[in-house]
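There are 2 protein chains.
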Amino acid sequence: MSKTLCGVDIGGTKCSIALVDEKGQILDKIYSCDHVDKNEEGRIKMVAENIKEILRRNDLQESDLPGIGMGCAGHIRFRDGVILTTSNLKGFKNYPLREAVQSHFKIPVILDNDANAQAFGEYKFGAGQGFDDMVFLTISTGIGAGIIINKKLYRGMTGTAGEFGHMIVEPDSELTCTCGNRGCLMACACGMALPYLFEQKLKEGKKSRLNLPPDFNMSRMSGQVLKQGLDMDDPVSKEVISDCGYYVGLGIYNIFQALNPPLIVLGGGLTNWGESYLNKIKSTFYELARDMIFDPIEITVSNIAADAGVIGAAALTLE
Amino acid sequence: MSKTLCGVDIGGTKCSIALVDEKGQILDKIYSCDHVDKNEEGRIKMVAENIKEILRRNDLQESDLPGIGMGCAGHIRFRDGVILTTSNLKGFKNYPLREAVQSHFKIPVILDNDANAQAFGEYKFGAGQGFDDMVFLTISTGIGAGIIINKKLYRGMTGTAGEFGHMIVEPDSELTCTCGNRGCLMACACGMALPYLFEQKLKEGKKSRLNLPPDFNMSRMSGQVLKQGLDMDDPVSKEVISDCGYYVGLGIYNIFQALNPPLIVLGGGLTNWGESYLNKIKSTFYELARDMIFDPIEITVSNIAADAGVIGAAALTLE
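Residue numbers (numbering that gives the first Met the number 0), protein chains in the order written: chain A, 0 to 318; chain B, 0 to 318.
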């Protein structure tokens with residue numbers, strides 16, 4: 000009989016619960032957006048009820064699952080299943096989330112960082128299939144990552160390994176990360192850097208072809224807006240995208256020197272910028288790595304995409 | 000019966016061969032400096048003869064050893080035992096060194112990068128004892144490193160993992176590494192950066208108390224000279240040492256975010272700068288890592304020191 004997996008992706012404004020088959024295909028999904036109004040206990044109750052509901056409507060018992068996998072943004076102490084810090088979810092600081100959900104179920108509940116979950120999903124069901132080692136990097140509002148070593152997630156001492164987004168690549172940068180440091184990869188090259196980067200280009204006198212309304216709030220400058228700019232050949236949008244690609248390429252170079260992996264998979268919203276962005280990432284990497292590459296390294300884009308969070312969470316039950 | 004190990008450390012100008020006991024203590028050593036004049040075959044013959052000689056004079060048979068461990072600077076394809084590139088040894092490019100030495104012996108010969116060997120030695124016999132995971136960083140003319148994950152060296156696809164020295168931390172730096180890139184950790188914070196860093200301070204109008212002769216060749220500015228400066232409270236020497244410590248601290252912070260190890264061990268000549276240097280490294284690390292440290296991380300200095308290369312090479316036979 001084929002195995003059904005269950006994954007939970009707990010985000011800041013939405014929570015997805017899905018049943019996934021052994022090939023990583025979504026069988027059913029419950030998606031809720033109302034959990035932000037609830038306190039910790041309320042949100043946990045909702046998660047537990049929705050898991051029970053999705054099992055019921057698919058004629059499944061708890062015992063049909065190998066476990067329940069949960070992914071959540073933030074620093075997670077994996078061993079204990081505790082959220083140490085999270086900027087996405089109100090409350091939940093030093094919160095034993097795994098235990099709280101576990102109290103509603105008999106099968107094992109696993110909690111990991113959302114980027115780790117996505118990395119494992121990519122390894123099991125996506126571009127990582129057939130590899131024993133890989134690094135996954137997700138680039139959206141922030142930058143998260145997960146490391147697969149010898150077919151397993153490498154989590155480090157606490158469970159926070161793979162935080163390549165916090166690697167400092169430009170110590171004197173004007174760009175400050177949410178962590179408080181200057182010039183993290185995340186500060187320079189993801190969603191949260193875009194308003195500053197775009198505004199800087201305008202300050203340098205560059206003209207954008209994007210018809211932004213005069214009262215446009217620059218803090219709303221996003222990957223989507225820049226994608227429109229890219230599609231209409233806006234030079235400012237293209238430069239910002241290229242700058243971001245440069246830093247990601249440099250980050251990948253540092254990861255290459257650190258871990259020498261055969262595969263790096265990129266996920267997250269900004270990969271929608273497409274070809275020119277990816278080309279900038281790759282060309283930067285190859286310019287830096289040159290004759291220090293002795294075996295082919297593959298740099299590719301996630302192919303589990305949209306539901307990567309919940310599929311990855313489900314994959315954790317196969318680790 | 001206690002095991003005797005044999006290690007070979009092949010450097011640019013010297014070659015050490017040693018017998019080491021199970022606690023990492025040197026039992027006997029043959030040290031030769033004349034191998035630079037020989038071609039590849041000549042040097043290999045010399046290594047093989049010296050191994051046989053050290054066995055003979057200690058009344059040992061080949062079969063008393065678990066193997067022969069060799070450490071060598073450069074990029075090594077571990078699986079095949081091939082030196083891919085090395086800047087220290089003339090010749091030896093794409094050279095199957097392991098096989099060449101193996102042809103003289105029946106017991107297994109192991110070849111790895113010298114920093115990997117030292118890392119494993121530190122793990123087996125030094126500050127890493129009792130840890131399952133650690134990162135070793137050796138800071139001398141260059142910067143090398145080795146990663147221990149789950150009691151074994153993590154080598155990556157080719158065998159070149161752990162090249163944290165080539166991690167770029169200052170992309171616009173004036174300092175260029177031997178690899179050709181700007182602002183690698185190695186370019187900014189090791190022996191080869193010292194002449195530039197010292198000269199820059201002088202150009203900024205800073206006065207050194209070091210009594211350098213008027214014809215002093217700045218390219219000879221070394222860790223030892225700066226140590227003298229440090230001991231005589233020379234402000235320029237102190238600033239250069241502090242700048243190097245800053246970059247090493249930043250590099251360790253990046254390693255911490257990447258691998259979240261419980262232990263980082265520092266080795267190499269520049270650690271002889273002592274307390275103030277180590278304090279700068281640590282204070283930089285802790286200022287950057289702040290509230291992102293959830294479990295204690297130990298940052299300490301190698302305690303196998305002087306013979307780390309050959310002891311580490313011997314340790315490889317225990318992996």
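It is possible that some hints are incorrect.
[What the hints assert, rightly or not] One-sided and incomplete, this derived list gives chain A residues near chain B with beta-carbon spacing under 8 Å:
1) R76
2) L249
3) A257
4) P260
5) L287
6) A305
7) D306
[What the hints assert, rightly or not] To list a few chain A residues with every Cβ distance to chain B over 12 Å, as calculated:
8) D20
9) S31
10) T84
11) D132
12) E162
13) D171
14) L201
15) F215
Think of the hints as simulated: they come from the structure by calculation, not from any bench.
Heads up, the beta-carbon is just placed ideally off N, CA and C, and yes, glycines get one too.
Going down the list of hints, with the structure as the test:
1. R76: At about 6 Å, which falls below the 8 Å cut-off, the nearest Cβ of chain B leaves the hint on R76/A intact, so it holds.
2. L249: holds (6 Å)
3. A257: holds (6 Å)
4. P260: At 6 Å from the nearest chain B Cβ, P260/A passes the 8 Å test, so the hint holds.
5. L287: holds (6 Å)
6. A305: Violated - the Cβ of A305/A stays beyond 8 Å from chain B, reaching only about 28 Å at its closest.
7. D306: violated (27 Å)
8. D20: About 31 Å separates D20/A from the closest Cβ of chain B, which puts it past 12 Å; holds.
9. S31: It holds; S31/A is separated from chain B by about 30 Å at its closest Cβ, greater than 12 Å.
10. T84: violated (8 Å)
11. D132: D132/A is in fact no farther than 12 Å from some Cβ atom of chain B, at 7 Å.
12. E162: Since the minimum Cβ distance to chain B is about 4 Å, E162/A lies within 12 Å and the statement is violated.
13. D171: violated (8 Å)
14. L201: holds (23 Å)
15. F215: holds (31 Å)
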